[in-house]
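Mapping of the sequence shown onto my numbering: residues 781 to 864, in sequence order.
None of these hints come from the bench; they were simulated from the model. Ideal Cβ positions, reconstructed from N, Cα and C, are used throughout, including at glycine. There's no promise every hint is true.
Here are the computed distance ranges between Cβ atoms for each label pair [claimed, not checked]:
| hint | residue 1 | residue 2 | range |
| --- | --- | --- | --- |
| 1 | K805 | A843 | 29 to 35 Å |
| 2 | V809 | F848 | 25 to 31 Å |
| 3 | F848 | A812 | 25 to 31 Å |
| 4 | F818 | C838 | 16 to 22 Å |
| 5 | T803 | Y834 | 43 to 49 Å |
| 6 | P802 | G833 | 41 to 47 Å |
| 7 | G813 | I839 | 18 to 24 Å |
| 8 | L823 | N801 | 32 to 38 Å |
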Amino acid sequence: MTSADSTASKFGGPSMMSWMNPTPKDQLVRCAGYMVQFGLGYLIMLLAMYYIGYIIICILLGAFVGHFVTGWDDFAAGRSTGCH
781 MTSADSTASK FGGPSMMSWM NPTPKDQLVR CAGYMVQFGL GYLIMLLAMY
831 YIGYIIICIL LGAFVGHFVT GWDDFAAGRS TGCH
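Sequences are here, hints too, so could you generate the full structure?
Printed below as a string of structure tokens:
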């Protein structure tokens, strides 16, 4: 039994190696999500380049509200997202 299998058996899930390898369908969904995120970010950047104060304020308020609504972190020990 490998360490990945023993870790998976402790938590009752699939082995870590199968979890880390996405299927082609999963990769297509990830790529589509990345394309949408990149495209929207580019359009927002172009809007900001109009240098109209109201648009820039709306972009900043949208970022604030969006992070407030979706960016809840769990600060319990060992349960962080690990990306920051």
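request  = Look at the Cβ atoms of G813 and I839 and judge whether their distance stays inside 18 to 24 Å.
outcome  = The hinted range 18 to 24 Å holds for G813 and I839, with Cβ atoms some 21 Å apart.
ask   = That 43 to 49 Å hint for T803 and Y834 (C-beta), does it hold up?
value = Holds - the Cβ-Cβ distance for T803 and Y834, about 45 Å, lies within 43 to 49 Å.
query = Okay, L823 versus N801 on CB: inside 32 to 38 Å?
reply = 33 Å Cβ-Cβ, so the 32 to 38 Å window holds.
key: Outcome for the supplied range 29 to 35 Å, where the beta carbon pair is K805 and A843   = 31 Å, holds
task = Evaluate the given range 16 to 22 Å for the C-beta pair formed by F818 and C838.
result = Given about 20 Å between the Cβ atoms, the range holds.
key: Range hint 41 to 47 Å (beta carbons of P802 and G833) holds or violated   = With Cβ atoms ~43 Å apart, the hint holds.
message = A range of 25 to 31 Å was offered for this pair. Does it hold for the Cβ distance of F848 and A812?
response = 26 Å, holds
ask   = Lying within 25 to 31 Å: is that true of the beta-carbon distance V809 to F848?
value = 26 Å, holds
Comparing the model with each numbered hint stated earlier shows that all of them hold.
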